[in-house]
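If you read the sequences in order, they're chains A and B.
Heads up: the first sequence begins at -16 in the working numbering, then just goes up one per residue.
Heads up: the second sequence begins at -16 in the working numbering, then just goes up one per residue.
All the given hints hold, so there is nothing to weed out.
Copies of the same chain look alike in the list, so a pair counts if it fits in one copy or across any two.
With a straight-line cut-off of 30 Å between C-alpha atoms, the simulated DSS-like cross-links for lysine-lysine are:
1. 43 with 189
2. 68 with 343
3. 275 with 347
The set of hints was computed from the structure by calculation and includes no laboratory data.
Just so we're clear, the structure is a prediction, and the values are computed from it rather than from any experiment.
Protein chains: 2
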Amino acid sequence: MSTLSGACIIAQSGGPTAAINASTYGAIITAMKRREITRVLGARNGIRGVLDDNLVDLDKEEPYELELLKYTPSSALGSCRYKLKDPSEDDSDYRRILDIFVKYGVRYFFYNGGNDSMDTCNKISKYCLEHGYECRVMGIPKTIDNDLVETDHCPGYGSAAKYIATSMMEVYKDTHVYDIGTITVIEVMGRNAGWLAAASSLASLKGCGPDLIYLPEVPFDFDKFLEGADYFYKKNNHCVIVVSEGIRDKDGRYIVEYASSQARQKDSFGHAQMGGLAAYIADAVKNHIGAKVRGIELSLLQRCASHWASHTDIDESFRAGRAAVEYAVEGLTGKMVGFQRVYDQGGNYRCDIKLIDLEKVANKEKHVPIDWINATGDGLNEKFFDYALPLIQGTVNIPIEDGLPRHARLRMVKAMV
Amino acid sequence: MSTLSGACIIAQSGGPTAAINASTYGAIITAMKRREITRVLGARNGIRGVLDDNLVDLDKEEPYELELLKYTPSSALGSCRYKLKDPSEDDSDYRRILDIFVKYGVRYFFYNGGNDSMDTCNKISKYCLEHGYECRVMGIPKTIDNDLVETDHCPGYGSAAKYIATSMMEVYKDTHVYDIGTITVIEVMGRNAGWLAAASSLASLKGCGPDLIYLPEVPFDFDKFLEGADYFYKKNNHCVIVVSEGIRDKDGRYIVEYASSQARQKDSFGHAQMGGLAAYIADAVKNHIGAKVRGIELSLLQRCASHWASHTDIDESFRAGRAAVEYAVEGLTGKMVGFQRVYDQGGNYRCDIKLIDLEKVANKEKHVPIDWINATGDGLNEKFFDYALPLIQGTVNIPIEDGLPRHARLRMVKAMV
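Extracted from the complex, chain A is given alone in its bound form:
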C-alpha cells in the first residue's frame, strides 16, 4: 500500500434516489476523517462541475447539515446526464478534467451514480493511468432500477421498493372500496429491468398485491394481457395491474411507443424516454372490458420518497460511500463498491462490501432472473420475495420540523485554489 495525499472530489450523477445522499455523506464524512485526504470538494452537477470548474468546499459545511443528507432525497450536489466521449476520438473533456485535478491537487475521485456513471468513472480512471497522473477513482453505485451487474443489489433500490410496495398496499385498499368494479393500472419505473415493478409484488404478502405484473424481462403480449385483466375483473370485480415502463413486445418494441406514432425522444445516452404508459394501457383495457379504469403513474414520487426510506437501504448506502473512501485511501482504484449478500447460521441477512472492477459494470444491465417470475409471466415467486424482503426492512426516523421533513441545507461555498 502506498500513501497518497491530496484533495478529493465527490460527485453525483444520473437520476436521483432517496439514498444517494446517504452514500455521498458516507464518502464525505469518511474523507474528512482521513488525514491522507487534505480537502473534501464536491462537484456541482456531476462531471459537469469538474469540467466547468464549479466545485464547492464541503469542509465548510455544518456537520449537522451534512448528517441530514442521510434523510434528504435527490442529489444534494446536483446531477447531470453528460456522456464523456471516447477519449480515442476526442479527449478534450479528459484533458480538462486532468487540468482541474492538477489545479486543485485532486488525488481521489468518487463518483456516485448508475451504470452510465460507472462508464464515466472507468474512462477517467483509465485516462489518468495512461497519462501518468496518480488519482484513485472509485464508483459508488446508486440506482432505484437495481440494474447494476456484479452486485447483489444497488443502494437506492430498497427505499424505492419499500415505497412502491407500501403505496401498492394503500392503493389496493383504496381501489377495492366501492361495490362498482374498477381496473387500475400502475406504471412503475425501472428502464429495461423489472426490479421496481417486481417490488409491488411484496404487497401480496399482505393480501394487497397486484393481480398482474408485467416486467420487461417477459415479452408483453397484448391479447394475453387483456384476457388476464378480464379474468380477474370478472372474478373479483376489481383488477390491479402493475406495468414496468420498459415492457416490450416480442419484437423488442417498447409498448409505450405504441401510444404515439412520433419518434420517441432519446436522452444523451441513447436511452428511449419512458412515461405515459399507464394511461395508454388503461385506455386499452377500458375499450376492451368497458370497466371504470384508472391509470396511475408513480412518476418521480417513487425515487425521492425519503420520508418512507428503508433503514437497511440508507445504512447500506452510507456504508458504500464510506467503503469507497477507505479502500481508495488504502490504495485501490478503478473499482465500484458492491454488495455481497450473506446469511448467518440463523438465516439472518447481512450485507458485506465487495469491490468490483469498473470495467465489469459499465454499460451493462442486470435483469430479474426468469426463474423468479411465475409460469404465466405475470407475477413473481418466493425467490423474489426472499431476495427483496431484507432490503426494505426498517423505518428511518427522519428529523421533523413544522410537521415536515427537515432536509439538509448546504451552504455550497465555491471552492478556490
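Please arrange chain B on chain A, whose structure you already have, making use of the hints.
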C-alpha cells in the same frame, strides 16, 4: 335526556381517506363501551349495505385488529356513491332502511362521509322522525377535500395535506437536480375547493414550494399562467406548478374539459369526473415554452397514504367518531360532529368538538377564503400557513410487519337477526 337502547349501525361513504377508519374505530370502540348500545353493526358499502341487508357484526372482531383501523387507509367497511332519492318523490329506499332498522332493532345510525353523505344522513334522520321511529342519526365527517362548511376543518384533510406538502418537497428537490431546465406540473385533487392544492404551499416554508399554485377559487387565465411559467423558468431554470383538478376559466368551464371535446362523464351525484389535467397543462407549457416538461398526478396516492398520516389528524378523526356516539347516547340526533379551533393563552392550537345541524352542512361547499390567496392569485399567504400547519403535526408510528405497514384484517362476520 332520554335513554334509548338498541343496536347501532356504522357505515362509511364517499371517497376513502387515510383517516376515515380512525373515525369509524372511534365510533365502534365507544359504542362497544356504552351499555345503551346493545350491538355494533357495520354496513358494507355504506347505505347500500343497509338497503341490501348486508351487515356485519363488529362485536365479533378481534380488539387488536379493530385498533389497527387507526393506521389502515381506505374505508374498511367499503364505500358507495349511492344517492338516495327525494323521499317526497320516491320513498322506497327509506321504507327499506326503516324495515332494516326495525329488523335489527337499530336505534343509532352513524354515517362517516363527506357532503353527499351528510345529505343522506339528513334525509334518513328526517324520515325516521316523520315516521315516528326513534333513531338517533349522526354524521361523522371525512374528506380530504376539506370542503365541509361550518367546521374549522375535516378529518382526513390533515393527513392528505401532510403527504402533499412532503411529496412536494421531495419532488421539488428531485426536479431541481439537473442543470438542464425543467417544468413540472403537479395535479392535486379537491373538486371545487383548493384546500389540497393549497397544502403544497406549506413546502415553501422549507424552501421547496411550488412557484405557482392554481386553485378553483380563482378563475384560471391561460395567458397569465403561461406568462408566469415562462417567468419562473427563465429566472430559475426550473418551474414547479401545482394545479387543482377543479380549476375553471372565467366562464366557469373546467380546464380539464378543454382537454377533450367529449362530454365529461358525471358521477351519480352529478359531479364532473376529474383527472388528466396535469398532462394537458404540461403539454400546453411545452408547446409555449419548449422546455422539458413533466406532468405528475398525485392520484389516489394522496388520499390513502396512511404511512405518512398526520398524528393530529388521526387523533382528531378518532375523537370525531367517539363524540358522535357519545352525543347520540346522550340524546342528540340530526347533527354532524364538527371541529372548533381554539388557541390557548400560549398560542397553542387545540381542537374542540362542536355539533352542527346536518341541514346546514348537506350539499354545501367551503372554499379557501380569497384573502388567504396572494395578490397575483397563484399562491397562498401566511393566513393559510397559520391555518394548515397545526393540522399536519405529528407522525404516526404505524405497526410494521415484514417492513410493510400492518393494516387491520377484519373478519366481517355477516350479521343475523
